[in-house]
Amino acid sequence: MTSSSPSSTHLPTASPRPVQPGVGCRLCGSTETAPLYCINGCSIYKCRNCDAEFVANFTGDAAENSEKFIALQSDTFDDESFSNSSNAGVVRHWQREAQEIDRLTADRSGGKRILDIGCNDGLFLGCFNASWQKFGIEIAPGVAAKARAKGITVFEKPVEEISIEPQSLDAITMYMIVEHLQDPVQSMAHIVRWLKPGGVLVMLTGDSDTFKVRRVKAKWHMYTPPVHQFFFSRRSLEFLFKSCGLQTVHYKYTYGGMPVSTFKPLRLVEHAVGKMTAASPINQLPLYDHLYLYARKRP
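Here this note's numbering is used: the sequence shown runs in plain steps of one and ends on residue 1534.
Treat the hints with caution; some may be incorrect.
[As the list claims (entries may be wrong)] The list that follows gives simulated cross-link-like pairs (lysine-lysine, DSBU-like), each with its CA atoms no further than 35 angstroms apart: (1) LYS1392 to LYS1381; (2) LYS1431 to LYS1452; (3) LYS1454 to LYS1431.
[Unchecked claim] The calculated label-pair distances, taken between Cβ atoms and stated as ranges, are: (4) SER1366 to GLN1421: 27 to 37 angstroms; (5) GLY1386 to GLY1345: 41 to 51 angstroms; (6) ALA1453 to GLY1264: 21 to 31 angstroms; (7) ALA1384 to GLY1346: 35 to 45 angstroms; (8) ALA1453 to LYS1385: 19 to 29 angstroms; (9) SER1478 to GLN1402: 16 to 26 angstroms; (10) GLY1264 to GLN1482: 34 to 44 angstroms; (11) PRO1376 to ALA1424: 34 to 44 angstroms; (12) THR1483 to HIS1425: 47 to 57 angstroms; (13) GLU1267 to GLY1346: 17 to 27 angstroms; (14) THR1483 to ALA1341: 28 to 38 angstroms; (15) SER1366 to GLN1402: 17 to 27 angstroms.
Just so you know, these hints were derived from the structure itself, not from any lab. Backbone N, C-alpha and C define an ideal beta-carbon position, used for all residues, glycine too.
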């Protein structure tokens, strides 16, 4: 679980480097695509068919990208939006998320099993009571060790290399993970097989089709290729969910701590307004850019 920040290596330019015309969308395969930005030497294209944005000219391999992801996690592990256990607001946030998953799985009898993909140090899984059997996937060795110390069973491998019994999990969570995947359709099909019919999958990622992103454009903090390979909207995520047998239950938008303005007084106002809207019905409007989607596996 990580949220990346702009840096001196994040240099948007007016137009991307040339790639072959009609480049195929890496999510749906359509050639109805158009260039959007060039950032860090990576050409980002937008698909008119499924609405996904994707890195079109990535030539590295999965291992190289994983190494960059681990380095990024090391830099951002203490980000207050995700893993700062000394921040009472952060802890309350994850407790509320755990309560929501408890509610969505209330019909499940006996002990329940949950997998958090990108579990970091296990702060979120620690919000579930002892009736849950807790598993995590975490490729960053340092934080994986911290999660194990909390009694969580941790797999320290990429999703594609992990074997879990099909239809054995009641809930799977993926917070700021899907944007890192090389092949989201293949990876999600692999992951969804682990869910029981009617099981719950919760995903958090940035939404590229929001007021905030339209305002900041190429300076959006999620535009950090090649570490981030995809940039989703709610429509493109719905396409991905449908392709792997998931049905959306509900969704919400939240403030992720990355303000639009660089003017400090306005940043403070944004922060306050963001916290208020996150806890109100307004959270279904695409104002802020952190999108939570809650889905069930179709029978």
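Each hint, compared with the structure:
1. LYS1392 to LYS1381: The given pair, whose Cα atoms are some 16 angstroms apart, holds under the 35 angstroms limit.
2. LYS1431 to LYS1452: Violated, because 39 angstroms separates the two Cα atoms, which is more than 35 angstroms.
3. LYS1454 to LYS1431: violated (40 angstroms)
4. SER1366 to GLN1421: 27 to 37 angstroms: holds (33 angstroms)
5. GLY1386 to GLY1345: 41 to 51 angstroms: violated (20 angstroms)
6. ALA1453 to GLY1264: 21 to 31 angstroms: Taking Cβ atoms as reference, ALA1453 and GLY1264 lie about 26 angstroms apart, which means the hint holds.
7. ALA1384 to GLY1346: 35 to 45 angstroms: Taking Cβ atoms as reference, ALA1384 and GLY1346 lie about 22 angstroms apart, which means the hint is violated.
8. ALA1453 to LYS1385: 19 to 29 angstroms: violated (39 angstroms)
9. SER1478 to GLN1402: 16 to 26 angstroms: Distance hint for SER1478, GLN1402 holds at roughly 19 angstroms.
10. GLY1264 to GLN1482: 34 to 44 angstroms: violated (23 angstroms)
11. PRO1376 to ALA1424: 34 to 44 angstroms: Since the Cβ atoms of PRO1376 and ALA1424 sit about 28 angstroms apart, the hinted range of 34 to 44 angstroms is violated.
12. THR1483 to HIS1425: 47 to 57 angstroms: Once the Cβ atoms are compared, 20 angstroms apart, the range 47 to 57 angstroms for HIS1425 and THR1483 is violated.
13. GLU1267 to GLY1346: 17 to 27 angstroms: Between GLU1267 and GLY1346, where Cβ atoms are some 47 angstroms apart, the hint is violated.
14. THR1483 to ALA1341: 28 to 38 angstroms: violated (19 angstroms)
15. SER1366 to GLN1402: 17 to 27 angstroms: Given a distance of about 20 angstroms, which is inside 17 to 27 angstroms, the answer is holds.
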